[in-house]
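K.L.:
So the chains spell out like this:
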Amino acid sequence: MTQAPEQRPSPLSRRGLERLDLLLLCTEALDLNGGEAMVWLSEEMGYTSLFPNRVELWKRRCYNPLRRTTRRGALVEQETDALIRILNALADRLYPMLRSLLSSAEPPEITEQRWGLFRSRLAELIKERFNLRRGGVQRLLDPVEGRALSRQLVQALAFSAGPGGFERLKASLQDAAA
Amino acid sequence: MKLTTRYEQTSCRLELEGLPDVSAGQGDQSLGILTGFTLALAGHTELEGKREHLQALLQVVMPYARYLLSGVARPFGDEASPVLIAPHDQGHQLMLRSSQPNTEPLTLQLDDAELADLVRCLDLLRNDARVLVPFDLPQLQPLRRREVLNREPLRRRLAAPLVGVAALLLAGVAAWMVPLPKAPPASPAPVATPAKPG
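One line per chain: the protein sequences are A and B, in this order. Position in the first sequence (from 1) plus 183 gives the number in the working numbering. Position in the second sequence (from 1) plus 118 gives the number in the working numbering.
Next up, chain A with everything else stripped away, as it sits in the complex:
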């Protein structure tokens, strides 16, 4: 007799889910095909049983409380682990771009142009999908605070990439609420 895999509740709080979805959104802002890449990676990594189609993948991301239409409840650990692994792979693919944004060796005008492009795409996606009445969303769109927050997000993506990124990011998403 085969045993069904244990469905453990996710150790991620609502805040952790919020941050995970926000980081996934950043990968979409960095790569115009980010949404497609996410679906493709999910299939490549063998998560078809967890997320059979893009709608199911989308639904899991909607547990982010900052979303316009947020879903209540919690995800199971298998699902959040899969989402973290997808993010880890996406960040790895985007690492050269993340690196060029973070590097001080690049000409400042070009760096500024890249940041401008990233911030404007991120703002567009946030306005389209997030609840603009939430303080956390307003902070992301604030011209001064948003700048610092977007740098923090890109730095977080850089440390989430690569072979040690999954464990590091998973631990970080379980941080206690401030």
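If you are wondering where the hints come from, they were derived from the structure by calculation, not from laboratory data. Watch out, some of these pointers could steer you wrong.
Now the in silico label distances, taken between C-beta atoms and shown as ranges [what the hints assert, rightly or not]:
(1) A:Glu-226 with B:Leu-288: 53 to 63 Å
(2) B:Ala-278 with A:Arg-255: 20 to 30 Å
(3) A:Glu-239 with B:Glu-222: 52 to 62 Å
(4) B:Met-119 with A:Leu-300: 48 to 58 Å
(5) A:Pro-290 with B:Thr-153: 36 to 46 Å
(6) A:Arg-255 with B:Thr-153: 55 to 65 Å
(7) A:Leu-300 with B:Gln-208: 13 to 23 Å
(8) B:Ala-158 with A:Gly-318: 44 to 54 Å
(9) B:Glu-222 with A:Glu-311: 47 to 57 Å
(10) A:Glu-292 with B:Leu-288: 33 to 43 Å
(11) A:Leu-300 with B:Gln-211: 24 to 34 Å
(12) A:Leu-308 with B:Thr-153: 43 to 53 Å
(13) A:Glu-292 with B:Leu-287: 43 to 53 Å
(14) A:Pro-291 with B:Phe-253: 36 to 46 Å
Here chain B is said to cover these stretches of chain A; the calculated rule only asks that three of the stretch's residues, wherever they fall, bring their Cβ under 8 Å from a Cβ of chain B [what the hints assert, rightly or not]:
(15) 283–294
(16) 331–345
All residues carry an ideal CB built from backbone N, CA and C; glycine is no exception.
Put chain B on the given structure of chain A with help from the hints.
P.N.:
Frame of chain A, contents of chain B only:
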């Protein structure tokens, strides 16, 4: 037989030299005894060291990156440790103390990209199945509330409760200034007289 492994990123190259630990039954291609390593960081001198130096580097750089991922920039390593890393001038300062006497510590300034490259190289090393050298590294843990609080500036942390207290005080003062309605003068209560029948 001497073995070398190399991990490279744009601004960082880490090379390990060692031998298989035959006494522990390791295969020819396993690096179980580390005899030395070289670390080249772009624009800086090439560093050389032994196992304990690499261990000290891992012990400060890995938790530093872990905390940065949670948005907390705090130093790791102290005056006594051979490697120290701390946030400095919008980047990161890595200080390496030589075990040779009368040698000034070496200070390297890294930007975010160079630190990310270094962390990636160290991640590759830690996840390399051929490298069997035990590096005692603490388990990755979620940050406690107190540690997370440090990333929020005190002003922002106090803003919400202070505004709340101020609003309560204002409401209290406003309520105190509104005159109380006067009680109507006491008048004898009308007595109902029962209607006489007929």
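K.L.:
Lying within 24 to 34 Å: is that true of the beta-carbon distance Leu-300 of chain A to Gln-211 of chain B?
P.N.:
holds, 31 Å
K.L.:
Do three or more residues from the stretch 283–294 of chain A put their C-beta atoms closer than 8 Å to C-beta atoms of chain B?
P.N.:
That given contact holds, which follows from 5 residues of the stretch 283–294 of chain A lying within Cβ reach (below 8 Å) of chain B.
K.L.:
Could you see if the CB distance from Met-119 of chain B to Leu-300 of chain A stays within 48 to 58 Å?
P.N.:
holds, 51 Å
K.L.:
Looking only at beta-carbon atoms, does the pair Ala-158 of chain B, Gly-318 of chain A fall within the given range of 44 to 54 Å?
P.N.:
Holds - the Cβ-Cβ distance for Ala-158 of chain B and Gly-318 of chain A, about 45 Å, lies within 44 to 54 Å.
K.L.:
Do the Cβ positions of Ala-278 of chain B and Arg-255 of chain A conform to the proposed distance bound of 20 to 30 Å?
P.N.:
holds, 25 Å
K.L.:
For the hint 36 to 46 Å, verify it against the beta carbon of Pro-290 of chain A and that of Thr-153 of chain B.
P.N.:
Roughly 42 Å apart at Cβ, these two residues keep to the hinted range, so it holds.
K.L.:
Falls inside 53 to 63 Å, the C-beta gap from Glu-226 of chain A to Leu-288 of chain B?
P.N.:
At 58 Å between Cβs, range holds.
K.L.:
The stretch 331–345 of chain A covered by chain B? Criterion: 3 or more residues, Cβ-Cβ distance below 8 Å.
P.N.:
With 8 residues close enough to chain B, the hint holds.
K.L.:
Do the Cβ positions of Leu-308 of chain A and Thr-153 of chain B conform to the proposed distance bound of 43 to 53 Å?
P.N.:
holds, 51 Å
K.L.:
Given the range 47 to 57 Å, decide if the beta-carbon distance of Glu-222 of chain B to Glu-311 of chain A lies inside it.
P.N.:
holds, 55 Å
K.L.:
Does the hinted range 52 to 62 Å hold for Glu-239 of chain A and Glu-222 of chain B at CB?
P.N.:
holds, 59 Å
K.L.:
Holds or violated: the 55 to 65 Å window for the beta-carbon distance between Arg-255 of chain A and Thr-153 of chain B?
P.N.:
holds, 57 Å
Checked against the numbered hints listed earlier, the structure breaks hint 10 alone; every other hint is satisfied.
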